[in-house]
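Novice: What follows is the residue order along each chain.
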Amino acid sequence: MCRIGAIKSTDYFHPSKALLLMRSQQKGHDNSGFAMVMQDLGGRFADYKDLPILSMACSDRGMAIAEDILHKEGFVRVMQWSPEINFRDELNIEPMPNYVFQVFQYPRSFKYAPQEEKEELLVDMRLRLRSVLEESDDGYVYSFWPDVLTLKEIGDPQDIGTYFGLWKEDNDFTAKVITAQCRQNTNYDIVRYAAHPFFLQGYTALANGENTFYEKNKNFQKGLYKGYLGFESDSQCFLYTLHYIHKILKWPLEYYKHAITPLPFEDMSKREDGEALRYIRSSLSNLEINGPNTIIGVLPDGTLFNTCDAKKLRPTVIGKHNGTVVMTSEVSGINEVLPGRNWEEDIYTNERETVVITNNLEVQRWQQ
Amino acid sequence: MATMRVNEISRDDLDWQINYSSDRCTMCGSCVAACPFEAIEAGMEKRRKVVSDYLTPEPKVEFKAVPVIKQKVDVYKFCRGCGVCERVCPNTAIKPVRNEDARFTIKYRGMLADPFKRGGRANLSTGVRTLDKIRVGRISQMTDPSLDASRHTFDMLAPFGRILPADELPFTLENGRLKIDSSVLPPMNWIYPVIIGDMSIGALSWRMWEAMAIATAYLNEECGLPVRMCSGEGGVPIRLLKSRFLKYTILQIASGHFGWNRIINSMPYMQELPGGVLIKIGQGAKPGDGGLLQAKKVASHIQEIRGVPKTDLLSPPNHQGLYSIEESVQKMFLTFNSAFKFKVPVAIKVAASATSVSVYNNLLRDPYNIVGGFFLDGILGGTGAANEVSLDHTGHPIVSKLRDCYLAATHQGKQSQIPLWGAGGLGQTGNLAADAFKMIALGANGVFTGKLMLQLAGCVGNDHGKCNACNTGLCPVGITTQNPTLVKRLDIDRVAENIVNYFLSVDSELKKLLAPIGNSSLPVGRSDCLISEDKAVADRLQIQYAC
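Protein chains in written order, with numbering that gives the first Met the number 0: chain C, 0 to 367; chain B, 0 to 546.
Bear in mind the hints are in silico, worked out from the structure with no lab data behind them. Hints may be right or wrong, so weigh each one.
Derived lysine-lysine pairs resembling DSBU-like cross-links, with alpha carbons at most 35 Å apart [to be verified]: (1) K217/C / K132/B; (2) K413/B / K534/B; (3) K249/C / K413/B; (4) K221/C / K117/C; (5) K413/B / K117/C; (6) K110/C / K221/C; (7) K249/C / K340/B.
Just so we're clear, the structure is a prediction, and the values are computed from it rather than from any experiment.
Okay, chain B solo, but in the shape it has when bound:
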């Protein structure tokens, strides 16, 4: 009697099973060529067939070896359900099907003694998002008329940089006019309230990163939207550092400090100042997990930008030598501000957590007036690779934390002095404008978004375990890979076009939300225009309960 090998991995353990019909397949090989995970292969199967070639039936049995496409059953080479095979098949002969009874990640851990890793998506369903339980409820009609979104002029800009209270502004009076000495003031820029969040040029393919940079430049120069893009950790191509487009880029420094020597070395050659500097302390999707760029993604151009050999690049979860809020303020003061001669706003990004308010409060009391922004990143954000346990089980939702920070500032009369920017799952359900508007009404000055850019580029993953292979460096559509063959799948112009188009639609949609509440500038903190039909949400966020 044969042994039942139940402790080995089998097809019914896998998350995705390949549904293949050999009678439709012409064996063109497209699917096998397209699958970056090598999860399918061409094989032979012996088939029994009953045939009759006489005028009257005279059945006889034939055995034939027929070529087929087979799914691999392997802990390294397994189907991620990305569906690229289905997309390339001319005869709809193949597709991945979700296996409801899968137990792959249990087997994986049991066999490899290693945490299961995947791309940056939280796949534990947490129900309807809070943002979707909030509506814009104040619709002005007669008392304070709504505006015409198509014709009215709106002033939609958000501050990036430290804002001093009015009584501390260095004014002198000359001929009845106020004159300000801006040379002694912290730098401050007014930018579009939606920015492209930090995704590094190592995590993304160079073409994806470049597409975003092109889209950003186009939005600024052709569409008149001053959208900024954050570089993410790991440096920026020197060509960009020396270009006039640098002003649209917010340079990020994270705990790994990758790429900063190149940035410093480029300073004498910079034509423009960068749009800002963002110190990343943590990210919302995997707080406490640090960044990891696997050696396989450290291609030669990444090595050049970061000044490293081909090896796993780990950014620790904290800044070495920076363990407190006081030090973080000092760091901004001493290094990044002075590096750019106090002409570039320097902000900080932390993961939303139980202590977010404490951190924000402390920054608000910063004696140097040097903190140019507080970027709060909630769970559901993040694009990089991580341990599944971190993605699914750590982090804090953004909405209430953002609200808490705003209310804490309001309590002290310091609202907007350190602009609040929030993110984490914004645009997840497709409508970034609605999410952004609600966040702004709850107290954010602006929002940032990352994952949505990947969707616009053609990411095939979702929040139900589809694809989620950003960690492998084998992104089937060329977004999160440095593999030259895969990267070429990305149509850089189309990606840039999609991003620009999406921003233009966000701009229109934001106006469509500003108009009914009668606002022509951003309604920061105008929570009175929001309602919730969920009592708990209404109470927690201090907005109107409606039923």
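Isolated chain C, as found in the complex:
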């Protein structure tokens, strides 16, 4: 099983918290990788909130290729930061030569462009970089988006933390939302892209479980939007469905649950919006998931949520204490990060529920 977790706080915090959260659940994964997405960044990235950050792992050549493409398109680099590498032979990690987090200014021609055009541009650029780097196996582009930073690596999460110096807490590298995963790689070869969390246009999703409707999901999603590609993991489908429901169809988040785990027909008919649900189920039957899953998602505005499959086959628990909310696979993780909380108030999301954490850390429980 993968182990997944998310921390959302009113104050900036360091990713060491996320490592701590995940390490305590070590028996639940196979140490084959660690990945995290940081959103709403503080520290050295705090002054660049509106500018896209490129998160990339690559070779020297890959870096040159990527910079060349971006410069030709008119992007101007504003800031660059690479984590300090602490290489030691005994570390169980398969690193790429370079890890770069570069902040870019939009091309001049986009100065007055509407937000949507900028968003499409960023997707186009990421896809282009990805495809060019993929050809020569020179690198991996994880995200290219304002105020978002992604790190994915193969190896032992503990060693990955050491390698990138993530165990040492500081104020320069912080965020208000961090989602993270420790991998249990059962289905696929270990591919860097396959590690969660997956990110697209401000949406983040990570999941613990299997998607038995993977093929259906994939076949359908491929044609819905240019950014729906890769499919290195069956969990990637959950991100694309989230993006499709919320961003493209512009439906309220509540309907994400209705798309992935529709109510039985009998229950639908009892609801006021039953007719709408029936049509959603008809049109989006290919986006259903029928396997065991628990999904953690983040919306572009920072809203954090968790929802499960309709059979409630994968565990998840949510705890809250002093301006921090943690959701993760095992309660041991929360015990580690929020030792002082009242554990009796922990939430174990049920199979028909979506638990939403708003930006002022209000916990909402929506029953499907």
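Could you slot chain B onto chain C? The hints should help.
Specialist: Chain B only, in chain C's frame:
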């Protein structure tokens, strides 16, 4: 020297020979009375017998005329091997035996200058069915646990009607909730994924048809399975049209348009809308052959329902005035949808053929969003009478064609927008649930079945030339005949009961297949759960090859 009359038909030409033992026969006459084909008759034979009635042997020869049962040797009255004589004989004195050296159909054609006709079964052995070369191979164990088929709740419904893509649904947002204006949407019903295929009330006896209708109503109202039954061409009794049971019936219109004026005339009196309308273009068992109801089956009630005199009723193989896909869409749009004020889904049924994918592609691009389903009927389907040459030598297997259609839709991102329903030999080997499940995993939304219903009713025919007399109007068990004496042989309640029971078992068995793959809803297109040990089949259907 006597002439050898080799050009005349003789007993050894026949497909079936009557095996009769006079020493067991009590001449009760049951067999002769039961044989609807008049293939046997009572006759006399002169027998030589050596007897002795003294204390010491003193043999003497006696000649006696004894009554016997004889087989007729005739191109019109010949044994079909149905075995009804054997069933009624109290002393097992008689039975038909297959003649391996038969050449009857050659003689028949040579003598009558007429194609040989028989009931709707393909009798050319084509080997193991493709569906039987596929297994459900993904058995979830630990990663994605299988379900408990007995306790878990399953949601097994299939769409019938045009489905719009999500971005075309007419939603408005009110207080954070989506509201839909369904009055502007194409009609769509969720029904059981197995329906009773189209068999007309002329082809079947009225009791058989009624038994299916009773079973359908029972399944819906007592068992909670929303099974639909297609009327077949040729209309529906007005009593049913005006009843509340109409909602379980899919009305069919075929090229003959028989019975439609009665349906139209009944509209003002309908309490319920029909479950759907199905336009039949062709059928899989005899594509290009059209329907034929011989005058002998056009009984008075058929005349009344169809509004015709007693005569051969031929439905041409195409709709007159409808020669293209565009026209078929228009026809649905202009006539059948508007007839029911766009409240009833209208689907189309075609025979599986080399052009099925083209037709489906074209329908998928239908600008009116009006095509409510694509029913694809493969070879091995069909129940009606036909020329043997059509039954055995035309048509296309269903499995790969269904798969092609699904993949074509998937390629365009339009899968499930026009629900795909497939049939043609499903349930042929007795297990409809397995066949249905595999078809669904290959991309069908649902399946329909016809011939299996006849088997449940007691059809004695098989795919090896047994009986196959649906064309004669003399069905020995009262299923495909309008002859009042023969129809009475059908126990209508038992037939309905058998059909209901079979559906209940299919429901359980479908769950038994859904459970191991961990699905609680229909696995439409989940071909990843199928495997084949036949490389060619695996490659062709794009499923996993396992060995």
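Novice: Would you mind marking each hint as holding or not holding in the structure?
Specialist: Now the hints, each set against the structure:
no.	hint	result
1	K217/C / K132/B	27 Å, holds
2	K413/B / K534/B	29 Å, holds
3	K249/C / K413/B	21 Å, holds
4	K221/C / K117/C	22 Å, holds
5	K413/B / K117/C	29 Å, holds
6	K110/C / K221/C	31 Å, holds
7	K249/C / K340/B	32 Å, holds
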